[in-house]
Amino acid sequence: MNLEHYSCFSDNNFYTYEFFNEGPKGRIKKVIRYTKIGNNPVIYNLGFGDEDNITGKIDDEAISNNNDRSIVLATVADTINDFINRHPIDFLFAKGNSPVKTRLYQIYISSMIDEIKRDFKLYGFRNRNWSKFTKKC
Amino acid sequence: MSVIKKTSTKIGHNPVTVVPYIKSYADDPYFVKKANEAREIIAKYGLPGEKKNK
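Line by line, the protein sequences give chains A and B.
Note that this note's numbering numbers the first sequence so that position 75 is 66, with each residue one more than the last.
Heads up, this note's numbering is the position in the second sequence plus 3, with the first residue counted as 1.
A portion of the hints provided could be inaccurate.
Computed cross-link-like contacts, DSS-like style, restricted to lysine-lysine with a CA-CA straight-line distance of at most 27 Å [unchecked claim]:
1) A:K86 / B:K26
2) B:K36 / A:K48
3) A:K92 / B:K47
4) A:K123 / B:K26
5) B:K36 / A:K92
Calculated directly from the structure, the hints in this document are not laboratory data.
Starting from the given sequences, assemble the full structure and let the hints guide the process.
Written out as structure tokens, the structure reads:
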């Protein structure tokens, strides 16, 4: 993807990625962790949140709002590409923790759907069913 | 007075920088909780293309 994004960091296991964004709310450490949740097929869960500067705990309910939403999401997408190039994987599961964030992710994915579909099959979960992700979601 | 330095951004391919001090977060309660939630959803509803008794 040819989008603006932050530099990101990982150790040589490439399960945890970190990057920093800065803006009106200050410097915030973003953490992405890929956790294996299935072996056959191989399934990973994508977890994403802000690390609290004081407690070191992860919080995905924080709304950092550093006016860089698209850059943050592009950086997360970068880690997805990097991760799947390094690890065998059949499914990647990701879920927003609130209707607002889910909608945000839907909008972003819709904007990138043509590029995503070149390499991936994308599904959304609605009304207890999986269906192919379409722009009108 | 504090000075905030703007983090640099890039456009184009973004190679990941490997550094030795990345915390694992493998046992972080938040990520463990999210993974367990994901397992529950998949156990209950299956994966795309799977038929699941609901």
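Results for each hint:
Using a Cα cut-off of 27 Å, the hinted pair A:K86 and B:K26 holds, with the two alpha carbons roughly 23 Å apart. With a CA separation close to 13 Å, the supplied pair B:K36 and A:K48 stays within the 27 Å bound. A distance of roughly 23 Å separates the Cα atoms of A:K92 and B:K47; the hinted pair therefore holds under the 27 Å criterion. At most 27 Å may separate the alpha-carbon atoms for a hinted pair to count; A:K123 and B:K26 exceed this at roughly 35 Å.
Taking the CA atoms of B:K36 and A:K92, the gap is about 18 Å. The hint holds against a cut of 27 Å.
In this structure, the one hint that does not hold is number 4.
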